[in-house]
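Given these sequences and hints, build the entire structure.
Protein chains in written order, with numbering that gives the first Met the number 0: chain L, 0 to 309; chain D, 0 to 309.
These are computed hints drawn from the structure, not numbers from a lab.
When chains are identical, the list treats them as one kind, so a pair holds in a single copy or across two.
Here are the simulated SDA-like cross-link-like pairs (lysine to any residue), alpha carbons at most 20 angstroms apart as the crow flies:
no., residue 1, residue 2
1, LYS239, GLU98
2, LYS239, ASP300
3, LYS101, VAL249
4, LYS239, ASP95
Protein chains: 2
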Amino acid sequence: MVKAKEFIETAVNEIKETVGKNKVISACSGGVDSMTATYLVHKAVGENLIAVFIDDGLRREGEPEFVVQTLRKSGINTRSIDAKKDFFQALKGKTDAEEKRKAFRDKFYKTFGKVAKEEKVRFIVQGTIKADVIETVQGIKSQHNVLQQIGINPEIYGYQIVEPLKELFKPGVREVARELGLPKEISERMPFPGPALSLRVLGEVTPERVTIVRKATEIVEEETADLGTFQNFAVLHNDKATGIKNGNRVYGNIITVRVVISEDAVTAKAKDIKYEKLFNIAKRITEELPTVVRCLYDITDKPPATIEFE
Amino acid sequence: MVKAKEFIETAVNEIKETVGKNKVISACSGGVDSMTATYLVHKAVGENLIAVFIDDGLRREGEPEFVVQTLRKSGINTRSIDAKKDFFQALKGKTDAEEKRKAFRDKFYKTFGKVAKEEKVRFIVQGTIKADVIETVQGIKSQHNVLQQIGINPEIYGYQIVEPLKELFKPGVREVARELGLPKEISERMPFPGPALSLRVLGEVTPERVTIVRKATEIVEEETADLGTFQNFAVLHNDKATGIKNGNRVYGNIITVRVVISEDAVTAKAKDIKYEKLFNIAKRITEELPTVVRCLYDITDKPPATIEFE
Numbered sequence: 000m001v002k003a004k005e006f007i008e009t010a011v012n013e014i015k016e017t018v019g020k021n022k023v024i025s026a027c028s029g030g031v032d033s034m035t036a037t038y039l040v041h042k043a044v045g046e047n048l049i050a051v052f053i054d055d056g057l058r059r060e061g062e063p064e065f066v067v068q069t070l071r072k073s074g075i076n077t078r079s080i081d082a083k084k085d086f087f088q089a090l091k092g093k094t095d096a097e098e099k100r101k102a103f104r105d106k107f108y109k110t111f112g113k114v115a116k117e118e119k120v121r122f123i124v125q126g127t128i129k130a131d132v133i134e135t136v137q138g139i140k141s142q143h144n145v146l147q148q149i150g151i152n153p154e155i156y157g158y159q160i161v162e163p164l165k166e167l168f169k170p171g172v173r174e175v176a177r178e179l180g181l182p183k184e185i186s187e188r189m190p191f192p193g194p195a196l197s198l199r200v201l202g203e204v205t206p207e208r209v210t211i212v213r214k215a216t217e218i219v220e221e222e223t224a225d226l227g228t229f230q231n232f233a234v235l236h237n238d239k240a241t242g243i244k245n246g247n248r249v250y251g252n253i254i255t256v257r258v259v260i261s262e263d264a265v266t267a268k269a270k271d272i273k274y275e276k277l278f279n280i281a282k283r284i285t286e287e288l289p290t291v292v293r294c295l296y297d298i299t300d301k302p303p304a305t306i307e308f309e
Numbered sequence: 000m001v002k003a004k005e006f007i008e009t010a011v012n013e014i015k016e017t018v019g020k021n022k023v024i025s026a027c028s029g030g031v032d033s034m035t036a037t038y039l040v041h042k043a044v045g046e047n048l049i050a051v052f053i054d055d056g057l058r059r060e061g062e063p064e065f066v067v068q069t070l071r072k073s074g075i076n077t078r079s080i081d082a083k084k085d086f087f088q089a090l091k092g093k094t095d096a097e098e099k100r101k102a103f104r105d106k107f108y109k110t111f112g113k114v115a116k117e118e119k120v121r122f123i124v125q126g127t128i129k130a131d132v133i134e135t136v137q138g139i140k141s142q143h144n145v146l147q148q149i150g151i152n153p154e155i156y157g158y159q160i161v162e163p164l165k166e167l168f169k170p171g172v173r174e175v176a177r178e179l180g181l182p183k184e185i186s187e188r189m190p191f192p193g194p195a196l197s198l199r200v201l202g203e204v205t206p207e208r209v210t211i212v213r214k215a216t217e218i219v220e221e222e223t224a225d226l227g228t229f230q231n232f233a234v235l236h237n238d239k240a241t242g243i244k245n246g247n248r249v250y251g252n253i254i255t256v257r258v259v260i261s262e263d264a265v266t267a268k269a270k271d272i273k274y275e276k277l278f279n280i281a282k283r284i285t286e287e288l289p290t291v292v293r294c295l296y297d298i299t300d301k302p303p304a305t306i307e308f309e
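See below:
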């Protein structure tokens, strides 16, 4: 890629040209991609930008507060929308991965569309990056933020999408984030999928099940923070398994731990975590989560697996 | 325990006393427990023993032929019953672990009961060991071969159960097996559950799904034969996950690999297999089984998990 500074200059000019004096909304999930896109647009349009954080109930522990505070500290107009009930309602009873993605995507666009109407904007910024575009075109991923690339008319949702990062891979995005002066917790943070923890709850997504995977995610992130790996997370299975708690036979939950090395998410390698650490993760998860009796570690590269399970 | 030789002497006398000149059937799954019990009873009653191998369609690759040949080579009267269709019919549509165990157990006893009637026997030998008894009494396990211990009247099945190994733990059983001159492939072999691969197919047990887990089991056993671990196997999940095969996004099967160190199956530790070996197992399973996109490794001890998943 061209140097971050030049990239930013060009992107800012292009955004100014596209958006003009109009108001813009930036969809902010808290990930490095959407945050970098937001800061880039803020640099271009200043007060005309409204960053919107949709609290879908599917974020990591402490994430909604962290994202909103970070944006506001940087002087960005920020709206936080509590849509937890709406998302859980939309996901209720759905167990198929594609149906869940679709339900999330539809709810996401509808919620944004509503805010966009309220704010009377025509432009919405999203943090789509090159890996998303490639995989969506190849049919490997059904990405909620690259509608234009796959030929779906975004006008049915009532707004036009601006994607300033779509020519960059992840390392390029991080360079831009650093150059824009984003906090290190953002510029260096791990990727997190748009549909968030809903992809990490196999089977039906309920508030109770999201709470389990959120806690397991927190443990995995704490225990693997020193590894410098690309992505570290937990998945709650729909399958159950036998175990023993307090001397009694129980039929409990299964958590899989996934830690991968990758440059750009297009390919990835399962990490050879030291067993002492790995067994300790299993111990913490089964001790701190009363319903969990079993922990598995994902030993598959991408391909043939994907990084996420859904 | 007392020495194997003395144990055998006492057991043989007791069996002779119990059984007298009657005919006996021995339920032979092929595991070290049932094989040792069978050889012990054969030593006591000789020609009056009929070893019965029920082919339930749920055994490991090559297992039915191996068990029957081994018994016959040792001069033991052996009947092999093809009950594959019956067992799959009984398991059809059942997804709950306890329902599956119950369906297996009922079919097992009915099939044996039928043979016992044909052969006009009153006694049936089973390879119950002490760990089974302890865990059934504690409610940790629902074991199909310890009915008497949990107060179920075996007479409803039409015969009486003889369990000569119920005072021994696994290492004691192996000593007895060696002393009785069983082939090393039997005396040193890994434990294998009575309900066999049906416990290793989470969700519905169909011939197609058993074929997948059987092949995965074969790969795991081949690759871990040198480890000297207590039990090594594969589990097919009911959950599915995304993956990439031949460049296309697919929604495929998940296999978990389980390898544990244990003395007596009452407690167990997940084995710290070298990653080179572990990743190679994942590679072979996802390459040799077209529907499998993801391999997991079980990192949980017993407790809080059990060795098997169901």
